[in-house]
Amino acid sequence: MKRHLISAADLTRDDAVLILDTAEEMARVADRPIKKLPTLRGRTVVNLFFEDSTRTRISFEAAAKRLSADVINFSAKGSSVSKGESLKDTALTLEAMGADAVVIRHGASGAPYRLATSGWIDGAVVNAGDGTHEHPTQALLDAFTMRRRLVGADAGTGRDLDGRRITIVGDVLHSRVARSNVHLLHTLGAEVTLVAPPTLVPIGVEQWPCEVSYDRDSVLPKSDAVMMLRVQRERMNAAFFPTEREYSRRYGLDGDRMARMPEHAIVMHPGPMNRGMEITAQVADSDRCTAVEQVANGVSTRMAVLYLLLGGNESAISPTPARTEESK
Amino acid sequence: MSETTKILLRGAKVLGGEPQDVLIDGETVAEVGSGLSAEGATVVEAEGKILLPGLVDLHTHLREPGREDSETVLTGTKAAAVGGFTAVHAMANTFPVADTAGVVEQVWRLGKESGYCDVQPVGAVTVGLEGKQLAELGAMHDSAAGVKVFSDDGKCVDDAVIMRRALEYVKAFDGVVAQHAQEPRLTEGAQMNEGIVSSELGLGGWPAVAEESIIARDVLLAAHVGSRVHICHLSTAGSVEIVRWAKSKGWNVTAEVTPHHLLLTDELVRTYNPVYKVNPPLRTEADVMALREALADGTIDCVATDHAPHPHEDKDCEWAAAAMGMVGLETALSVVQQTMVDTGLLDWAGVADRMSFRPAAIGRLEGHGRPVSAGEPANLTLVDPAYRGAVDPSGFASRSRNTPYEGRELPGRVTHTWLRGRATVVDGNLA
Amino acid sequence: MDTVNSDAPRPVLEGPDIERVLTRIAHEIVERAKGADDVVLLGIPTRGVFLARRLAARLEQITGRAMPVGSLDITMYRDDLRMRPARALARTEIPGDGIEDRLVVLVDDVLFAGRTIRAALDALGDIGRPRAVQLAVLVDRGHRELPIRADYVGKNLPTSLREAVKVQLSEEDGRDAVLLGLRQTAPAGEQ
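Same order as they appear, the protein sequences are chains A, B and C.
Residue numbers are given in our numbering: position 50 of the first sequence equals residue 50, and the series is strictly consecutive.
Residue numbers are given in our numbering: position 365 of the second sequence equals residue 693, and the series is strictly consecutive.
Residue numbers are given in our numbering: position 111 of the third sequence equals residue 870, and the series is strictly consecutive.
FYI, nobody ran anything at the bench for these hints, they're computed from the structure.
Quantities reported herein were computed from a predicted structural model and do not represent experimental measurements.
Hints are supplied without guarantee of correctness; some may be wrong.
What the hints assert, rightly or not - Facing chain A, from chain B, some residues (calculated, C-beta under 10 Å): (1) I524; (2) G530; (3) G532; (4) G578; (5) N580; (6) P602; (7) C645; (8) W647; (9) M652; (10) V719; (11) D720; (12) S722.
Note that CB positions come from ideal geometry on N, CA and C, so glycine has one too.
Input sequences plus hints: build the corresponding full structure.
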């Protein structure tokens, strides 16, 4: 039975809560004098990054090292398909090196799924972000952060996010973070609303388990958490919105708008932030903004994922369901 | 290949009708009737089998010259024969592009030499398929290849003026422009049908409107200049509506659909298996149903395979890096049987019309798409409709294996194909 | 016919026995630890934690002082991780003043192979450096696979490897009992 984490949509509610609970225990390890556990001694985790993402890579690296796994960083950027080294050849190399897990970041949506299902490797595959598809560990760390802040670190154990109202604002169309969060938060019982200019909402979104609004100001006062997505300036050139200034005015979050949110509500950002674009410095630096906390929680969450996938002879997370080959 | 001789098909259901005997003598059908004498003839017991006119494909990529690693004229025509085809139109997107008389004659000659299936080259509309400057359409027509169908397939002739000029120009020799309808700006970075599935998979969306807007423009252009336009691999319900409307106006518009668009949907892309990556992309269930209906009522004139061979490495990779296209010659008739005949939408006479008569007529192809009657060329295909079997690409005659049907059970099998009286396929195997 | 099912687990300690045993152990701790003023009790989840809390309550009665009590999850230190599916973690809760230079008394329900205690000693080492570590168990069933012994034993229970010892505590199981029955599956069930 294969064990992978490809999509947040593959996680059951119990899986997700187990990961969050495990992450909570992992977080406690960070408070100890010795922040290392012997659990994955002798296991090899390969960070296979076809895209630059120092933040995500060091987060996975720290997580694996705290669990005593051997970590190999394989930066495949520049040796990608265009240069002739295919995903398959890279995978076969890693297999020969005896990777127990491959943490993969890839610009092509579906690359981790291909890696996990093509028979190229035996190890567990963890999706560290693929194209505009998914970024499940980001969603898990976001959910972990929300549970801690909105339910409580101790009180939250064993619980989900039932009834919490989460708003995700920004470039949903190109965001793997948004896709994973919509699935996971829905699974955890939260009510998700997406807010974006219509150009940045995908066709087909009506089938997602969430609401969509084009009006930030009507949604903010009803939100327990507001997640601001990074908006790349180059989107402007493709006519997704007219100017930076207009985007920021209609969809950004500033101090005044934050003040209209409920007192307990938090502001989240997966980073890196475009200060002045989707978020003002005042909001980014306020104690309601959990961006830095999210980074710390990322290590705990990824420790939990690696432990649950590799810390036994089989995964504690439900296996990735094989997607149907039939058309109906 | 067997020698040309007398062959008696005993008890064949001609176009699905009552069992009859059919006598082939030399290159032609000598007699159709009951109780024909078998004297001096090789007898083929055809009881329970359907006899069709040899199938004609308006849309085949034979890859030669240039990509002989994926297909050659020889392997492609073998695959065509196995699929029951006696004529294929070889698309122009080769290396070099078939945009001169020299290249189309080369392909035409290779076809002659292969002997498995007639090869009618398609000429490029524009030089290098670049969409900028008309290729020498007249020279290609006047060449030995006698080109009558022109297409930049793989690319859309998106410039409205170039398209208009091409439509006008081919009127001089009764040519037709076959348009690959894909508005390029709307499909930048497109990876699959834009809709529910693309939104979930995070793959760049390929909107139906990118196809439909070009078709709408081109039927209007064809009407305006009084020329013929043929729409390649129509894939959406909206495209069907536009073609239906254009035909209702009496405009000279024809259209084709591929077998895979009659059967497969974008749900399959959830596997991220690039074997399902194709241009135009697999669409939705609603589109599939609309295409079947349109093929049944004649809005869509014909089935064309868009047989697009690719080497294994171009599909054994992540979705975005994979090539677009599927092989289709060897499975086309089975897919049409499953989607159109077994569903009751089309009878075998209809299949003969959509896969032989009409494509030959659109391509102005002589000697093919003829009735099964005395005096006609003996281009014939014998089908066992009761056969059931899983598709096994390892046995393909094509050089490539990129079929979306691997392991899928499909009905029907071509048992015999005759090209001008010579058997190219006997008992399901190349003769 | 009237038969006795010899496979059914039979109680070897009942509720009152367990109460009595814990009281005795509490007294022994006070005696051995000379007043127990630097003792920290750490229970090993799940049932060791309940036993540690019960012991702490008794020690508080005896000494009149608050007794630091916590839990020590050893899952990630186990030496058999690769033999079984990944397990959910239990809570590690170290009392506020920590374990540095304290006398840590580990508390578990059953002492068997000794591998749990080895893991617990490793886990402790990552948290701090106690003055000394002692071990209290409700039942010692023998069959050690490591050079480990308990300092406080509720009951020495000679067993065969075919047998299973099951501790039930009201906090988790609704009643207090120690049951001895036949093992259902392969060894390595409880330790």
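Going through the hints against the structure:
1. With 10 Å as the threshold, the beta carbon of I524 of chain B comes within range of chain A, its nearest partner Cβ sitting at about 4 Å, so the hint holds.
2. With its C-beta approaching chain A no nearer than about 3 Å, G530 of chain B sits inside the 10 Å limit, and its interface hint holds.
3. Below 10 Å, beta-carbon pairs count as interface contacts, and G532 of chain B has one with chain A at about 8 Å; its hint therefore holds.
4. Residue-level restraint check for G578 of chain B is violated (minimum Cβ-Cβ distance to chain A is 35 Å; threshold 10 Å).
5. Hint on N580 of chain B is violated. Least Cβ distance to chain A is approximately 34 Å, over the 10 Å limit.
6. With a cut of 10 Å, the hint placing P602 of chain B at the interface with chain A holds, because the nearest CB-to-CB distance is about 8 Å.
7. Interface restraint check for C645 of chain B: the shortest CB-CB distance to chain A comes to about 5 Å, inside 10 Å, so the restraint holds.
8. A distance limit of 10 Å between C-beta atoms decides the matter here; for W647 of chain B the minimum to chain A is near 5 Å, and the interface restraint holds.
9. The criterion of a C-beta within 10 Å of any C-beta in chain A is not met by M652 of chain B, whose closest approach is roughly 15 Å, and the hint is violated.
10. Contact between V719 of chain B and chain A, as hinted, is not supported at the beta carbon level, the nearest pair being about 13 Å apart and thus beyond 10 Å.
11. Taking 10 Å as the C-beta contact cut-off toward chain A, the hint placing D720 of chain B at the interface is violated, the least distance being around 16 Å.
12. With a cut of 10 Å, the hint placing S722 of chain B at the interface with chain A is violated, because the nearest CB-to-CB distance is about 17 Å.
Of the numbered hints listed earlier, those contradicted by the structure are 4, 5, 9, 10, 11 and 12.
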